[in-house]
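Undergrad: Please build the complex by placing chain B with the ligands on the supplied structure of chain A, with the hints as guidance.
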Amino acid sequence: MKETRRGGKLQAFLAVLRYEFLWNLRKKKTIGLFLIVFTFVTLRLALFPLLDYFSGVTLRPDPSFVFDNVSVLQPTLLLFLLAIATTMNTISGEFESGTIIPLLTKPVSKGLVFTGKIVAAFLTLLGAYIFLAVYTTIGGLIIYGPQNNLELVPAGVLGLTAATMVWAAIVIALGTLSKNSMVAALGGFGIYLGTTIVGAILTIYLGATSILFYTPGDGPTATTATCGAVIEGNATSFITGTNGLGSVIMNWILNPALSVNFCGIRFRGNRPETFALSAESISTVALRDIGVGVVYIIALFVVSWLALRRTQITE
Amino acid sequence: MRNRFGPKVGNFEVPVPPAIDVENVSKSYGKLLAVDRLNLKVDEKQVHGFLGPNGAGKSTTIKMLVGLLKPDSGSLRILGQKTTGDNPAVRRRIGYMPELPKFPKHLSGLELLDIYGQMYGMSKEERKSRASELIKMVGLEGRGKDRIGGYSKGMQQRIGIAQALISDPELVILDEPSIGLDPVGMVEVRDMVKDITKTGKTVFFSSHLLGEVQQICDHVTVLNKGVSLFSGPLSEIGNKAVSRRLVVEVEKTTDAISNYFKTLSYGTVESTGNTFTLHLNTTQDIRAEVSRGLTAAGGVIVGMRGEGGGLEDAFLSLIGKESLAS
Ligand SMILES: Nc1ncnc2c1ncn2[C@@H]1O[C@H](COP(=O)(O)OP(=O)(O)O)[C@@H](O)[C@H]1O
Ligand SMILES: [Mg+2]
Numbered sequence: 001m002k003e004t005r006r007g008g009k010l011q012a013f014l015a016v017l018r019y020e021f022l023w024n025l026r027k028k029k030t031i032g033l034f035l036i037v038f039t040f041v042t043l044r045l046a047l048f049p050l051l052d053y054f055s056g057v058t059l060r061p062d063p064s065f066v067f068d069n070v071s072v073l074q075p076t077l078l079l080f081l082l083a084i085a086t087t088m089n090t091i092s093g094e095f096e097s098g099t100i101i102p103l104l105t106k107p108v109s110k111g112l113v114f115t116g117k118i119v120a121a122f123l124t125l126l127g128a129y130i131f132l133a134v135y136t137t138i139g140g141l142i143i144y145g146p147q148n149n150l151e152l153v154p155a156g157v158l159g160l161t162a163a164t165m166v167w168a169a170i171v172i173a174l175g176t177l178s179k180n181s182m183v184a185a186l187g188g189f190g191i192y193l194g195t196t197i198v199g200a201i202l203t204i205y206l207g208a209t210s211i212l213f214y215t216p217g218d219g220p221t222a223t224t225a226t227c228g229a230v231i232e233g234n235a236t237s238f239i240t241g242t243n244g245l246g247s248v249i250m251n252w253i254l255n256p257a258l259s260v261n262f263c264g265i266r267f268r269g270n271r272p273e274t275f276a277l278s279a280e281s282i283s284t285v286a287l288r289d290i291g292v293g294v295v296y297i298i299a300l301f302v303v304s305w306l307a308l309r310r311t312q313i314t315e
Numbered sequence: 001m002r003n004r005f006g007p008k009v010g011n012f013e014v015p016v017p018p019a020i021d022v023e024n025v026s027k028s029y030g031k032l033l034a035v036d037r038l039n040l041k042v043d044e045k046q047v048h049g050f051l052g053p054n055g056a057g058k059s060t061t062i063k064m065l066v067g068l069l070k071p072d073s074g075s076l077r078i079l080g081q082k083t084t085g086d087n088p089a090v091r092r093r094i095g096y097m098p099e100l101p102k103f104p105k106h107l108s109g110l111e112l113l114d115i116y117g118q119m120y121g122m123s124k125e126e127r128k129s130r131a132s133e134l135i136k137m138v139g140l141e142g143r144g145k146d147r148i149g150g151y152s153k154g155m156q157q158r159i160g161i162a163q164a165l166i167s168d169p170e171l172v173i174l175d176e177p178s179i180g181l182d183p184v185g186m187v188e189v190r191d192m193v194k195d196i197t198k199t200g201k202t203v204f205f206s207s208h209l210l211g212e213v214q215q216i217c218d219h220v221t222v223l224n225k226g227v228s229l230f231s232g233p234l235s236e237i238g239n240k241a242v243s244r245r246l247v248v249e250v251e252k253t254t255d256a257i258s259n260y261f262k263t264l265s266y267g268t269v270e271s272t273g274n275t276f277t278l279h280l281n282t283t284q285d286i287r288a289e290v291s292r293g294l295t296a297a298g299g300v301i302v303g304m305r306g307e308g309g310g311l312e313d314a315f316l317s318l319i320g321k322e323s324l325a326s
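Keeping their order, the protein sequence lines are chains A and B. Going by the working numbering, the first residue of the first sequence is number 1, and it counts up by one from there. Going by the working numbering, the first residue of the second sequence is number 1, and it counts up by one from there.
Same shape as in the complex, but just chain A (with noise of 0.2 Å):
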């Protein structure tokens, strides 16, 4: 115990992480949602060339395959059920099973623990899409033949990280403030459903409307293409909220004078009809997304340390 005390702290750090990461990958809950979520994208890697094989149909190569699917996670859904694996148990778990008591009584402090666990988290959603972004390049390779602008995965996995921990954000914070482990998986899941059905049902009457840029979910679509005229060959589309982070991060980074159209809709008689509603410049709409993005993250995380920090251990 003597000669120890130096770097004390960053010991007690690292033990913090490793007591988080071995709880994380240890709980059958984690690993089962992590095997559904490998489920989907081996699916989506492997499905449609089978369904082809069976009924004869030649594969046809897909140099953009890793791309478009690195960006987003589909469905979305996927990065909502990878939120909740990590850190459903985070605070909460501990308070349930008691084992805070323990915990709280080292020599470490609220605040090493409770960023122990945020880092900790965070580095097992890094770890997870590092994984799922290597399996999916190799895959896309091997199946959908060359692939373009590999150089970009990296940014997607980051992307998809920074989106993934909006909803860890929430959900922590719910469970901070509950310290019930179903309050926070299951509010967290309540306030993904209503922000994807409200999006989806502004979507179908206003169109791209700006008020999903600032919710926590797939946000408005953006185009290449002319709002209403007929689609053209090379135009492309991505979401642009907090779940579209890898998309909008890549598609900046591959072009990043592109200017994109978002599309409203209105009615005409009982005719529905698309027109421009704004166009802005993909820098714009990258900024805006991780602003909103770090703005959401920062302010769940400030609530749940109050939160916790005020808590009295009564049992």
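To be clear, the hints were calculated from the coordinates, so they are not data collected in a lab. Glycine included, C-beta positions come from ideal geometry on N, C-alpha and C.
Simulated crosslink set (DSS-like; lysine-lysine; CA at most 30 Å straight-line):
1) A:9 / B:70
2) B:82 / B:198
3) B:128 / A:110
4) B:225 / B:194
Take a look, some chain A residues computed to stay more than 12 Å from chain B by CB distance:
5) 59
6) 127
7) 134
8) 194
9) 237
10) 269
11) 287
Listed next, the stretches of chain B that the computed footprint assigns to chain A, with coverage defined by at least 3 CB atoms under 8 Å from CB atoms of chain A:
12) 58-71
13) 81-90
14) 98-112
15) 118-131
TA: Quick look at chain B with the ligands alone, frame taken from chain A:
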């Protein structure tokens, strides 16, 4: 290592602060006053029992000591440092076993000790040797690599003791270490606590069992309904209680004998037939004097015995018999 005599300031030795210093601490849960203006001092190297029936406020006090709960008023210090607020520096110097502790189920006993040890800033080698030593000491040899989720209640108590000792702390705080164990387990855990006291650490442990405190401690604080009824050396607890009696039986009661008892200033006398019961107000042993006096008064002593004054009586008279039953 640590300076046992405290830092030197100029030419003065600063006195060593008590290991535990609780001053005028109160704590309520809603309307329930769980700890009521408690004062408690535990000096270094003491083995101090914190004795009281269930619900006395022992765990509440201990949780305030280790920083889990905030007191409503008063101050708590451990080894001279405040424990309220978040003070990891002071926690570095103590080991704490919570009442019926719960640990992450997915970790093995050895992993738990290793991770907790790392939180104390211990090196890998230190952790490893200390953990295997402790696993042996608490009787979990061969089970260290099993997940805690598969441990029985007793094994969880044992790993609870081990984790409190992982950093070789100066002060060990144990909250009812033997609660919920079978009789054999209780004896084993008691022996472990005795072993800890032999290592020269300050030990503060709570219990609702008098016998346990009596066997292990040199000092005791008796708590009931949040109020401290006695705090001091174990040997003095009997003095506080007014229940000591001397019962003398003589062959035949005479006026001389009755008068002799009346002249005694050691307490009040009650007589029934040939038996005189002296309700003592002193801790002195007056048997020899009484026997000489009675002989001089021409009496023949048939029997003489002391009653009360044991720890049990003292404890019971302190807290009132009804509290123990609950
Ligand atoms: N979290 C809590 N909420 C409300 N009352 C509590 C809580 N913890 C303890 N108490 C009450 O405070 C009193 C003291 O409890 P405790 O400190 O656990 O006693 P002991 O450890 O001596 O058995 C008891 O009456 C108990 O019911
Ligand atoms: Mg208790």
